[in-house]
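Asker: Please build the complete structure, drawing on both the sequences and the hints.
In order, the protein sequences belong to chains A and B.
Numbering-wise, our numbering puts 21 at position 21 of the first sequence, and it's gapless, one number per residue.
Numbering-wise, our numbering puts 215 at position 215 of the second sequence, and it's gapless, one number per residue.
Misleading hints may appear alongside valid ones.
[Claimed, not checked] Sample of chain B residues at the chain A side, in silico, Cβ under 10 Å:
1) D472
2) V473
3) R477
4) L481
[To be verified] Residues from chain A that keep clear of chain B, each with C-beta distances beyond 10 Å, as calculated:
5) D48
6) A64
7) D93
8) K104
Please keep in mind that the hints were generated in silico from the structure rather than gathered at the bench.
Keep in mind that this is a model prediction, so the values were computed, not measured.
All C-beta atoms, glycine included, are put in the ideal place defined by N, C-alpha and C.
As a plain string of letters, each chain reads:
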Amino acid sequence: MKVEQGLLYQESHEWVRLEGDEAVVGISDFAQEELNDVVYVELPEVGDTFAKGDVFGAVESVKAASDLYLPLSGEIIAVNKELENSPQLVNEDPYGKGWLVRIKVSDPDEAKDLLSADAYAKFLAEEAQKGGH
Amino acid sequence: MTEPLIFEISRPGRCAASLPECDVPQAALPKNLVRDELPLPEVSELDLVRHYVRLSHMNHAVDTGFYPLGSCTMKYNPKMNEVAARLPGFTAVHPYQSQFTVQGCLQLMFELQECLKAISGFAAVSLQPAAGAHGEFAGMLMIRAYHLDRGDTGRTKVLVPDSAHGTNPASTAMCGYEVVEIRSDARGNVDLDDLRAHCDEHVAGMMLTNPNTLGLFDEHILEIADIVHSCGGLLYGDGANLNAIVGVAKPAELGFDVMHFNLHKTFSTPHGGGGPGAGPVGVTDALADFLPGPIAGMWPASSDSPDDEPEYGLYMPPKSIGRLKSFYGNFGVLVRAYAYIRHLGAEGLRRVAEHAVLNANYLRVRLQDTYPLPYRRVCMHEFVLSGRLPGAEGVRTIDIAKRLMDFGFHPPTIYFPLIVPEALMIEPTETESLETLDAFADAMLRIAEEARTEPDTLHNAPFTAPLRRLDDVRAAREPKLRWQP
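Answerer: Shown next as structure tokens:
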């Protein structure tokens with residue numbers, strides 16, 4: 001299981017790549033592995049705006065449907081259209097071709113609440129220790 | 001073993017029915033109503049019968065094998081229930097008959113309501129809801145009606161634990177409430193600090209299953225009820241797991257204000273093929289006026305004619321949330337549940353719960369040193385293991401479940417509850433013998449061994465089922481929703 005360096009993460013397993021005042025959002029390798037084969041990704045419309053922590057979509061696998069939480073407040077400026085026909089990209093390349101949305105970040109300060117790759121990896125290790133959750 | 005579709009055995013001109021000659025003048029259908037693009041199958045009666053009998057032979061059922069599907073209470077359904085439900089007095093009646101002519105049916109409904117009141121401790125019961133989630137919906141509508149009737153319009157949230165059945169948040173949302181998820185603590189109970197933090201004047205109530213979907217009895221149930229009540233909320237009980245406490249504890253005495261009963265689970269009516277079920281709701285005095293109706297009532301014989309039988313009838317509670325089902329609920333299911341309850345009596349029902357809990361704990365202890373048990377406690381009627389076997393990292397719960405089919409067992413519920421990764425939720429029920437429980441445990445242990453020594457056997461299972469491993473991912477990604485030639 002891979003935690004890509006250079007990205008920011010949150011405990012609900014979404015990642016963010018900051019690019020100027022824009023950001024790309026996806027789900028982590030751990031999340032896609034937990035979900036198993038993704039069969040459908042529900043994404044918002046371009047132009048929708050969300051606050052940090054809002055549900056902006058859902059990913060559905062054969063075992064469960066999980067909400068997606070936006071790590072930063074902002075406006076959706078692009079969604080990954082490829083996922084409509086190829087949801088498996090989320091499994092195959094979670095940090096690359098399996099990206100979900102691109103947003104225009106409305107409050108860059110919010111990024112300081114997110115986890116670094118190392119902090120996220122540590123969080124995953126602690127969760128694995130607990131076993132239950 | 002494969003069986004063609006009914007469309008594939010169709011041959012033009014064959015017919016399984018012969019109709020008498022038409023003895024009235026025929027009129028042509030209007031052209032816009034005639035459709036000829038629907039290729040309905042044409043088969044002989046014999047081909048039709050063989051097709052469906054062969055399909056039925058591929059079924060796994062409680063009557064053919066062990067069915068430990070967690071949270072579904074797939075207990076044996078005594079055939080006596082079926083005999084009762086087939087009595088002509090119950091089958092040859094019509095809901096539009098005058099009440100005077102169906103006194104026996106109304107008496108059965110009334111007495112079933114009384115039985116459920118005695119079992120649960122609630123003040124009143126309605127038999128209207130057709131299934132468990134329908135009962136949840138009825139309960140949430142009553143909670144809403146109760147608050148609004150008091151002029152309390154500021155309650156917008158309902159608390160639901162993260163271990164809840166998926167129907168709980170769905171029923172809540174259907175009633176227009178916001179769902180607030182409450183965490184479980186390390187012992188699998190509701191996290192009391194998280195609960196307190198979310199309790200305020202906006203909380204309409206909480207939906208709780210006890211024992212919960214981990215099969216664990218919440219050790220703080222009385223405290224939870226106090227916390228929810230002290231902020232003005234009501235406590236909804238999801239009765240899905242009543243089989244664990246029936247005849248032992250009364251939900252009303254645990255602090256619940258309203259609960260649904262899954263008659264098809266706890267009271268042994270056939271289910272699992274999509275129905276029919278029955279989800280009666282029981283409530284405290286404070287909610288009795290809001291029950292869905294009509295409800296069966298009994299009016300004693302007048303004192304001047306002491307030989308007369310009491311009279312049974314139907315009534316709507318004064319502030320009823322209304323009807324939720326045509327006529328009087330799923331009546332045939334009510335007959336079966338009544339027969340079951342009267343057959344067992346209070347002592348028999350208590351033994352149901354005791355043996356359900358004993359059987360689950362027997363299996364838990366036989367398996368917990370091989371399969372991870374995330375919440376290590378004495379369980380109630382079911383328990384949840386993880387399919388993450390040490391030393392068999394490439395094997396997933398789905399592989400274990402599929403392999404169990406080769407041993408003749410229906411797999412347990414898998415990947416639920418969501419708070420246990422790779423969950424295997426096992427509910428043996430009280431009706432299984434020690435030999436069956438041991439055979440299942442032996443199979444589970446052998447599968448764990450295979451997972452380490454020959455994982456491909458698991459990846460490729462099942463081998464003996466009518467169909468091999470189905471590609472459920474492809475089925476979800478590229479659904480074919482109808483047959484095409």
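Asker: Would you mind marking each hint as holding or not holding in the structure?
Answerer: Checked hints:
1. Because the closest C-beta pair between D472/B and chain A is about 5 Å apart, less than 10 Å, the hint holds.
2. For V473/B, the suggested interface contact is upheld, since its CB lies about 4 Å from the closest CB of chain A, less than 10 Å.
3. With its C-beta approaching chain A no nearer than about 5 Å, R477/B sits inside the 10 Å limit, and its interface hint holds.
4. About 15 Å separates the beta-carbon of L481/B from the nearest beta-carbon of chain A, more than 10 Å, and the hint is not met.
5. Taking the minimum C-beta to C-beta distance to chain B, about 20 Å, the non-interface status of D48/A holds against the 10 Å cut.
6. A Cβ of chain B approaches the Cβ of A64/A within 10 Å, the least distance being about 6 Å, so the stated non-interface status is violated.
7. With a minimum CB-CB distance of about 17 Å to chain B, D93/A clears the 10 Å threshold, and the non-interface call stands.
8. At roughly 28 Å, the least C-beta separation between K104/A and chain B is larger than 10 Å, which holds for a residue marked as non-interface.
Hints 4 and 6 from the list above are not met by this structure, while the remaining hints are.
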